[in-house]
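Participant: Assemble the whole structure, with the sequences as input and the hints as a guide.
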Amino acid sequence: MNGLIYRNLKIYFSDKSGIFFSLMGAMISFVLYLIFLSQNMIHSWSSVPDTKLLLDPWLIGGTMTITAITTTLSSLSLMVQDREKNVLADLNLTDISFLGIQFSYLITAMIVGVVMQLIMYFMMSGYFLIADKSALNLQLLPQILGIAILSSFIWTIFNLLLLSFAKKVDTLGKIATIVGTASGFLAGVYMPIGVLPTSVQNVMKYTPALYNTAMYRNVLMQSQLQASFKNLPSNIANEFKETMGISVKLNQHVLTIQQDMLIIVAFAVVITLLVILISKISRRVVISKE
Amino acid sequence: MKLLQTTSLTKKFGNHTAVNNISLTINQGEMVALLGPNGAGKSTTINMLIGVLQPTSGEIIFGEKATNINDYRSEIGVVFQNSVLDEKLTVKDNMMLRAKMYSRPVIVQSLIEKFELESIWKQPYGSLSGGQRRRVDIARALISSPKLLFLDEPSTGLDIQTRTKIWEILDQLRKETGLTIIFTTHYLEESENADYVYIVDQGKVIAEDTVWGLQKKYTKNILQLTYTNGTSQTMTIDNKDDAIKILSEKGPLISDFEYRPGTMDDVFMNLTGKEIR
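Protein chains in written order, with the UniProt record's numbering: chain A, 1 to 290; chain B, 1 to 277.
Don't take every hint at face value.
[Stated by the list, open to error] Below, in silico cross-link-like pairs of lysine-lysine (DSS-like), each with a Cα-Cα straight-line distance of 27 Å or less:
#1 Lys12(B) to Lys168(A)
#2 Lys168(A) to Lys88(B)
#3 Lys88(B) to Lys16(A)
#4 Lys175(B) to Lys114(B)
#5 Lys12(B) to Lys280(A)
#6 Lys122(B) to Lys16(A)
#7 Lys92(B) to Lys16(A)
#8 Lys10(A) to Lys230(A)
#9 Lys85(A) to Lys88(B)
#10 Lys175(B) to Lys204(B)
#11 Lys92(B) to Lys10(A)
#12 Lys147(B) to Lys175(B)
#13 Lys88(B) to Lys174(A)
#14 Lys88(B) to Lys122(B)
#15 Lys250(B) to Lys240(B)
#16 Lys167(A) to Lys12(B)
#17 Lys88(B) to Lys167(A)
#18 Lys16(A) to Lys100(B)
Quick caveat, the hints were computed from the structure, so don't treat them as lab data.
Facilitator: This is the structure we're talking about:
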């Protein structure tokens, strides 16, 4: 199985334009933020001190989620390509079992997701360190790595569900476009969740993206939140957290980071069951398992 | 010794029967051709033989006893019609990574020499010419030292030199290792490399024999005369004495002549009433 995982990784990382396009969603959010989003938000939160230092990690948190969504999808697409190009039939002649082949695509996608998230983290933090003198706190690294692994995991499974409907390479591009665009909104990066209508907010609560972003922001913004809000009443701090999607409010209850994590795990379980169910119903496996 | 046998192999796609009751017997060490026009069902048959497609009905028996599909898969190598290697990776990566996917020991070095891969070893597979690709494809199929090698249209789109080269290598391999080879082709002259030929048309085997046997059975010898005045005449004459008689009668009038057995073209023509598409 190692040989196949290594092959899959090599294919992903040798395709420079593929990497670029799989980071498109993340880069759009980053550039939009630099051009005008940050100005807008600093303006609307002018009562809070050091807004810029608060918003930089806010943006990083959301962009990390987008990165996890789009890069795992891009890596997992190889599965569909291999099936269509008959590569799967060839791999099936090796000593790797059918299940082993499927798992290596998943493992590859998870590795790609983690690596690309970390790369994006260092690139963005590096930029803000230079541009805004935002501190880069390396002590957060273990937590970030943990969240990166969890988000890679959930989005790999989520994208597996999406790709269950894609039998052709042609469909892949369309799915990637939709996912790339939607992820920025669902993760609450292009616009903070609080400024959106309630109905849209409710839709957002049905995908793992919001909770994923909330986890990242909780960790990344924690110290700056304490610093910025220490002289302000706690209701302003709470309002800020809810509007900006740092804490998610579910049925009048404000979720903690642990609860965010549990919700993501619950999503993982439900999606896994759906994937199994779909693979049972649609027996459109190109290659027979026997 | 029988290596692979199929009995009444049939594959239906909806209402369309792609392969209809095909029975093949392949002996150890033989080179067997499935010859037929495009769309005759050759690739479908190969795909069933390598376990990619499930037959609608019929049986495939490998070796003496019934084997399970995994044991069988480890005994075969396949050169697919469309390449299955990764264009962005180098020949080296393609070969070495495939080698890693086998749990048994594999020998890549001798394949590099046999298929002259040193010069293209570090090039991306996608940058290779058609002939170079085919060499890598066949080398990849042989990584696991299979007993039985399948080639699906191995020389489509290749020039004559490359084609000849590939058949030379395959012949040499057979001599050295006793490899059994099954290939499909729609090139009539290519089927002449085979020990045994199955002619397939519209999903059925319409004739099977050795090349010589097919020529004997389905064609007559051809006598072609070229006259001194520049015109020529072709006639089918199966008896050499008749031919000699005609030649001696017309001796003074002819400048040249040819007496030959029918080719695979003639076999195909006589069997199907049409030229191969």
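Participant: Now tell me, hint by hint, if it's right for this structure.
Facilitator: Tested hints:
1. Lys12(B) to Lys168(A): 22 Å, holds
2. Lys168(A) to Lys88(B): Distance of about 20 Å is within 27 Å: holds.
3. Lys88(B) to Lys16(A): Holds: Lys88(B) and Lys16(A) sit about 11 Å apart, inside 27 Å.
4. Lys175(B) to Lys114(B): 13 Å, holds
5. Lys12(B) to Lys280(A): 23 Å, holds
6. Lys122(B) to Lys16(A): Satisfied, since the Cα-Cα distance of roughly 19 Å is no more than 27 Å.
7. Lys92(B) to Lys16(A): 20 Å, holds
8. Lys10(A) to Lys230(A): 48 Å, violated
9. Lys85(A) to Lys88(B): Roughly 14 Å separates the two Cα atoms, so the pair holds.
10. Lys175(B) to Lys204(B): Distance ~31 Å between Lys175(B) and Lys204(B) Cα, so the pair is violated.
11. Lys92(B) to Lys10(A): Holds. Lys92(B) to Lys10(A) sits at ~13 Å (cutoff 27 Å).
12. Lys147(B) to Lys175(B): 13 Å, holds
13. Lys88(B) to Lys174(A): Holds - the C-alpha atoms of Lys174(A) and Lys88(B) are around 23 Å apart, at most 27 Å.
14. Lys88(B) to Lys122(B): Holds, because 12 Å separates the two Cα atoms, which is no more than 27 Å.
15. Lys250(B) to Lys240(B): Distance ~15 Å between Lys250(B) and Lys240(B) Cα, so the pair holds.
16. Lys167(A) to Lys12(B): 21 Å, holds
17. Lys88(B) to Lys167(A): Satisfied, since the Cα-Cα distance of roughly 22 Å is no more than 27 Å.
18. Lys16(A) to Lys100(B): Holds: Lys16(A) and Lys100(B) sit about 25 Å apart, inside 27 Å.
Figure legend: structure checked against the earlier numbered hints; hints not met, in rising order: 8 and 10.
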